[in-house]
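Undergrad: Listed here are the chains, written in short residue letters.
Protein chains: 2
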Amino acid sequence: MTALGDLLAHDRITQALAQVMGRLGWDQETMMPKRAGEQRGEEMAALESVLHARRTDPRIGDWLEAATPGTEAEAAQLREIRRSYSRNTKIPERLATEIARTTSVAQGIWAEARAAEDVAAFLPTLEKVVALRREEGQALADGGDVYDALLADYEPGMTGAEIALLFDRMRPRLVALRDAVMEKGPAPMLAGPFDTDLQLALSDRIARAFGYDLSRGRIDLAVHPFSSGSGQDVRITTRVDADDPLGCLYSTIHEVGHASYEQNVDPAYGLTAIGQGASMGVHESQSRIYENQLGRSPAFCAWLFEEMRARFGQIGVATPGEFTRAVNAVRPGFIRTEADEVQYNLHIMLRFDLERALMAGDLAVGDLEGAWNDRFAADFGRTVTRPSDGMLQDVHWSVGLFGYFPTYTLGNVYAGCLASALSADLPDLDASLARGDPSPATRWLAERLQRHGTLRLPQDTIRHATGRDISEEPLLDYLEAKFTTLFDL
Amino acid sequence: MTALGDLLAHDRITQALAQVMGRLGWDQETMMPKRAGEQRGEEMAALESVLHARRTDPRIGDWLEAATPGTEAEAAQLREIRRSYSRNTKIPERLATEIARTTSVAQGIWAEARAAEDVAAFLPTLEKVVALRREEGQALADGGDVYDALLADYEPGMTGAEIALLFDRMRPRLVALRDAVMEKGPAPMLAGPFDTDLQLALSDRIARAFGYDLSRGRIDLAVHPFSSGSGQDVRITTRVDADDPLGCLYSTIHEVGHASYEQNVDPAYGLTAIGQGASMGVHESQSRIYENQLGRSPAFCAWLFEEMRARFGQIGVATPGEFTRAVNAVRPGFIRTEADEVQYNLHIMLRFDLERALMAGDLAVGDLEGAWNDRFAADFGRTVTRPSDGMLQDVHWSVGLFGYFPTYTLGNVYAGCLASALSADLPDLDASLARGDPSPATRWLAERLQRHGTLRLPQDTIRHATGRDISEEPLLDYLEAKFTTLFDL
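As you go down the protein sequences, you meet chains A and B in turn. Here the numbering used here runs 383 ahead of the position in the first sequence, where the first position is 1. Here the numbering used here runs 383 ahead of the position in the second sequence, where the first position is 1.
Derived by calculation from the structure, the hints in this document are not laboratory data. Don't take each hint at face value.
One copy or two, it doesn't matter: identical chains are merged, so the pair holds either way.
Keeping only pairs whose Cα atoms sit at most 20 Å apart, straight-line, the calculated EDC-like set for lysine to aspartate or glutamate is [what the hints assert, rightly or not]: (1) 417 with 596; (2) 473 with 440; (3) 473 with 562; (4) 511 with 820; (5) 417 with 587.
Every value quoted in this text rests on a predicted model; they were computed, and no experiment measured them.
Input sequences plus hints: build the corresponding full structure.
TA: Listed below in C-alpha cells is the structure:
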C-alpha cells in the first residue's frame, strides 16, 4: 500500500464508525427506552473515544506528508482529512470523551426540564456543557477567537465577525418587511382538526415528490425534526399535531432537503471524507430551498391546497390565495422552528449574539434566561412567559452545538443565491410546481450541488453551483418581492 | 492504575462497544431501510475490526498475568476476559472482519431467498458463510473438533459428543410421547380472525405481567422474534398474524424471558464481562421456563382464556380446558418456532446433526436441502415441499450461527431442572398463575439465577440456582406428566 492508500483505508473505517455514531444519535431521539440514557451515554463515550483515537492517530500526520493525490476527489479527501486531523489533535482525548458523555446525558435533562418548564433543573448541566465547549474552543483557537474556532466545525471559512456584519446588513430590511406585513393584519389560518394519520400519509407523499428515496431512508416522529446519516441510510424525523398540519408537512419537506443532499452525493464518495454535505450552511441551503422557495411558493401552495381539500375536506380557507397566505403567514411567535421566512433570521440573530457572548465569557449561564427574555422583548416586542417558549425551546445548546445557529441563516442566504440561479435556468418551474412536482428543481440541485458532496469548500460549493458570488441580496430581494405580492404591501 | 484497574477499564469500553454492535443488529432487523444493507455491512465490519483489535490487544495478556482479583465478581470478570482473549487471539483480524461483513449481507440475501422460495439464490452465500465459520473453527480448535470449538462460543463446557449422547437419551421418550398425543386425534384450535392491534395490546400486558421493564426496553415487530441488549436497554421483537394470536403472545413471553434475564443482572455488573446471561443455553432456560412451564401451564392458560374472551369475543374454543389443549396442541408441522414442547427438541436434533456434519466437512452445502428433507421425512413423517418450510426457515445459518441450535434444547433441559426446584419452593404458584400473575416464579428466577449474570460458568449457574445436578429427567418427567393429564393418555 502507498501512503495515500493506507490513509484512505484508515479513514474509510473511521467514516463507517462515524455513521454508526450518527445512528446511535438517531436511535436516542426516536427509539431509545426512557431509562437507557445513562448506559447510552457510556456507549457513545466509548465510541467517541475510539473515533478520537482514530482521528488523532499520529500515522495520519505521516501519511498526509507522504501522500500524493491522483484525482480531484482524492485531493479533496486529503484536504478534509488534514482539516479534521489538525483540529482533533488539538483536543485531549479526555475532553472529547467528557463532552460526548456529558452532552448525551444533557439532552435527556434538557427534555425533562423543557417539559417541566424548569430552567433551574437544566442550568447546572448547561453550565457543564458551556464550560466543556469553551475549553474545547480555547484548545482549538490557539489564542484566537473561541467562537470562531467552534464555528469552523460547522462552516469552515466563516468568522463570527463576518456573520455579525452580514446580520447587520440583513436586519433592517427584514425588520421593515416584517413590520409591513404585520401592519396588514392577521393572515388567514387553517382550521382543523386534521387527522394525524392523514397528515403523515400526505407527508410521505410529499417527501417522495421532493425526491426522498425511502428505500434508503425512513420517516419517524421526534420532538425536534432532524435528518441523520449519509449514503445508503439517511433517515428523517417529523412531528405531527392535529391542529397544525403545516408543521408536519413543512418539517418533512425541510428534512427531505437535508436528506436528499446526503442521498444524492456521488456514491463513489460514500464512506469517504467528502461523502457528506459540505457544511451546515450548505446543508441548510438545501433544506431551506426545498421548504421555502419551492414548498412555500404560490405555485406549489396552489397544488397543496387542492390536495389538502381532497384529503381533509374543509380546511378553514377557501381559495389557493388564502391558503398561500396562511402558509406564508407572518405572525408574532416565540418558537424558531415555527417562524416564517421573514422572522426566522431574527430568531437566529438573537441566538447568535447570546451564544457568542457565552463563549466569549461575557454572559454567564445563570444570566442567560434574563438575557434571552430581554432580547426577545426588544426584537419581537413580546414577553416570554415560559421557558419552553424561550431559552429551553431548542435542543442545540444541550448537545453542545455552539456556533451552529448562524449556519441556519447562512443557509437561507445560500438558498437565496441558488434559487436565483435555478429560476433563471428553469423558466417553466412554476408550471411543474403547480402540478405538485418540484423534480426539475430538485434535479437541478442534485446535479449542480448535491452530487459533489464536500468536493469543494462550502462557499466554493455555492459559487460553483450558481456561477456567482455569495450575497444576501438575492434572498432579501426574493423575500420582499414574494411578500409584497402576497400581502399586497 | 493497577493491572486489574487498567484491564477492567479497557474491558468496560469494549463491553460498551459490544452493546453498540448489538444495537446495530437490532436496527438491521427492525428499522433499517431496505437498500442500506451494503453500507451497513461495511459499518458493522468496521466496528467488528475495532472490537477484534480491542479483544486481542496484547496488553490484555500482560494485565491478566499481573492482575489479582479482590472479589468474587472480579475473579469471574478475569475468567471471562481470559476466555475471550484466548479465543480471539486465535482468529486473524482479516477473518473476523470478513465474517462480520459477509454475514451482514448474507442475512438480507437469506430473507429474499426465503420470500422467493429460492434455495439456489442463497446457496453461494451460505457456501461462503460455512467456509468462513469452518476456517474460524479450525483456527480455534488447535487440531481438535471444529464443531466443539464453535459450540464453546455459545455453551462453554459442552461438546458435540456429550450433546449427541444427551439427545440419544431424550429422543425415544419424546418420540413415544409425541406419537401417544397424536394418536388421540387433533387438538382443539382457536378460530379468528384476531385483530392484530388487540393482540399487540395483550402481548404488551402479558410482557409487563412477566416482569419486562418497558422503561428499559421496547417491543417491535420482526420476522424472527429476538431479544437484544443488556442492562438499561434490552429490546425485544415479536410477530403478529391475524389468524394466530398464540404465535404473537408466546413469542413475546419467550423473548421476555431472555430480556428479563438481561434486565435483572445486578446493575453492579453492567458493562462488565459478567453483565450478561451466562450462556445461550442458560438464556434459553429463562425464555423456555417463561414460555412453557409458566405460560403454557393449565393455570395460566385458564386466566389467558378468560382474558382473550374478554378482548376478542368468540375465540373458537369454549372452555379453559379446550383452550389449554389448543395452546399445548401437538400437531404435524414444519416450523421449529411454531413447534410444541414435545416436538421442538426433535427439530433441534435434526439441525444439530446437519450443522455438525457441515462443520465436519461430511456434508456439502449443495447437499443440505436434500439432507434436510430426507431427515425431516424420517423424523416427522412428512415431505417438505417449499424451502421456507425446510432449510430456509431459520435465520441462524445465514448469520453464521453454527453450534447455536443445540443450546435451545439444553435450555429446555435446564428449564426442566429449574422448574422442578421452583415448584418445590413455591407451592402456591398455580393460584398466582391462575390470576395471570407469574411474578412469584419470575422473582424466584431473578433472585436465584438472573441477577448473577455470568458470575458462574453455565452449568454451575444452573446447579447454584437449583441445588442439584443437571439432568434431562425433570424435563421429560414434566412433559410426560403434563401431556398425559392434558390429553388423557
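Undergrad: First find the shortest C-alpha distance between residue 511 and residue 820 inside one copy, then the shortest across copies, and answer within, between, both or neither for a cut-off of 20 Å.
TA: Classified as neither: same-chain Cα gap 47 Å, cross-chain 46 Å, threshold 20 Å.
Undergrad: Quick one: residue 417 to residue 587, C-alpha cut-off 20 Å, is that within a copy, between copies, both, or neither?
TA: Close across copies (17 Å), not inside one copy (27 Å); limit 20 Å.
Undergrad: Should residue 473 paired with residue 440 be assigned to within, between, both, or neither, using CA atoms and 20 Å as the limit?
TA: Answer is within: at 12 Å inside a copy they meet the 20 Å cutoff, but 26 Å across does not.
Undergrad: Are the CA atoms of residue 473 and residue 562 at most 20 Å apart within a copy, between copies, both, or neither?
TA: Neither: 47 Å inside a chain and 73 Å across chains, both beyond 20 Å.
Undergrad: Between copies, within a copy, both or neither: which fits residue 417 and residue 596 at Cα up to 20 Å?
TA: Between. Shortest inter-copy distance 11 Å satisfies the 20 Å Cα cut-off; intra-copy 30 Å does not.
The structure shown violates the earlier hints numbered 3 and 4.
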